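Guided by the hints, dock chain B onto chain A, whose structure is given.
So the chains spell out like this:
There are 2 protein chains.
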Amino acid sequence: MPNPTAAMLVIGDEILSGRTRDANMHHLAGELARAGIDLKEVRVVSDDGDAIVAAVQALRAAYDTVFTSGGIGPTHDDITADNVARAFGVPIDVREDARALLEAHYARVGQELNKARLRMARIPEGAALIDNPVSIAPGFSLENVHVMAGVPAIFKAMVESVLPTLTGGQPLVSETLEIRRGEGDIAGPLADLAERYPELSLGSYPFQRDGMFGANVVIRGGDGAQVAAALAELQAAFPS
Amino acid sequence: MPNPTAAMLVIGDEILSGRTRDANMHHLAGELARAGIDLKEVRVVSDDGDAIVAAVQALRAAYDTVFTSGGIGPTHDDITADNVARAFGVPIDVREDARALLEAHYARVGQELNKARLRMARIPEGAALIDNPVSIAPGFSLENVHVMAGVPAIFKAMVESVLPTLTGGQPLVSETLEIRRGEGDIAGPLADLAERYPELSLGSYPFQRDGMFGANVVIRGGDGAQVAAALAELQAAFPS
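As they're listed, the protein sequences go chains A and B.
Heads up: the first sequence at position 229 corresponds to 741 in my numbering, and the numbers run straight through without jumps.
Heads up: the second sequence at position 210 corresponds to 722 in my numbering, and the numbers run straight through without jumps.
By construction, these hints were calculated from the structure, which means they are not laboratory data.
These numbers were taken from a predicted model, which means no experiment stands behind them.
Each hint should be verified, as a subset may be incorrect.
Note that the list lumps identical chains together, so a pair holds whenever it fits in one copy or between two copies.
[To be verified] Computed cross-link-like contacts, SDA-like style, restricted to lysine to any residue with a CA-CA straight-line distance of at most 20 Å: (1) K627 with E690; (2) K627 with G680; (3) K627 with H539; (4) K668 with G733; (5) K627 with G726; (6) K627 with L714; (7) K668 with F719; (8) K627 with T688; (9) K668 with M724; (10) K627 with A610; (11) K627 with A749; (12) K668 with A566; (13) K627 with D605; (14) K627 with Q747; (15) K668 with D704; (16) K627 with D562; (17) K668 with D722; (18) K627 with D704; (19) K668 with R721; (20) K668 with T532; (21) K668 with G622; (22) K627 with G548; (23) K627 with L705; (24) K627 with F750; (25) K668 with R533; (26) K668 with S647.
Pulled out of the complex, with its shape left as it was, chain A reads as follows (with noise of 0.2 Å):
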């Protein structure tokens, strides 16, 4: 049975304009592949209302799964949460639980739950809540889409929340051989090697270092055996 697949969507600006790194991809990835879950696609878009409505109904409907990172926080330019509501065609409001747990954390700090903060509490209808053990804000789940927040620490926190609800897959088994031989010299081989072991995922990815080329050669697959194989012979065509 093949495994589940999932899609990631970022929304945020600061990405897009070279301002911000963006740590959540690679962070989640990671997670899903041990998970078993393949991550097929993502997508970065601007934070557009339209956009998100976009991505949201088109991975949705490609994908098991859609995990989105970024614009559920009190400003103005926070605007996932509604236009998740508006992609599922879904009402959105203030919702008590949600505002329960913000009362109670705004009021153990000290703070006030102005009408800002109070946004975070707007939950699209039918939507379960994603725990916040950062900064209590919680995400939701609506169907098969996971809204988290975008700072990583809090990302990292509810993709740990999520992650077990999942069904999982097959997790991978990776092999890395690194061959310092330029990339054209491994091909041959390489594509012989993929050819005989059709269940297997073998990439090429090149890098250049002190003038000297070469390519680590990742060898995937759902089984050990077959990996540590078509290893072997791949160490038996270039020994180190």
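Then chain B, alone, in the frame of chain A:
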């Protein structure tokens, strides 16, 4: 006149599997911002022909310019050139000018221009070559799609070749103010400011550091005087 728009398509299983952290997106985003070209969307897809074709067609229809990174090397998993040709419905084959570049290069370094390396001379009909000063194998531009290597040093060099050929817009002026207050305290005054400066883009990017919450508020716009005025108001509202 609004700035020209762009999208980026990253092709590579290594990003989606969590093995490699993408570096090219952040680099391109910064270069485009400086050139006054608005990067509106990034997609990351796997080494899958249909996914590449669909993304190229969607992005080049929606935005003025598309940049791709990855999948143009000599190995079996380098399938970008063929699928960009397919997206345009044009034939692709080894082209003599590209072959001549590779022949001269491999003769110079004393390596064989074998069948695998010759794949890097496959160029879709009608494309213009993109110079590769690092490892010679060229990228190519086909109408509004610029196909470049994934290796960061080569990607950067190719961006440098392509950018001067594009019509830029007005580079954004950007100012950042770090405010050591919860976003919920910033949100109200910030929304007011955003309303009074409709031509500026005001973004709030929360952070958490040493157990304290704060936000970087970024003010962006084409008119430096307006940006400075809005920054002064924000500084007055949140004295440090």
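Practice task
Please flag the earlier hints that this structure goes against, numbers listed from lowest up.
Solution key: The structure breaks hints 1, 2, 3, 4, 8, 12, 14, 15, 16, 21, 22; every other hint is satisfied.
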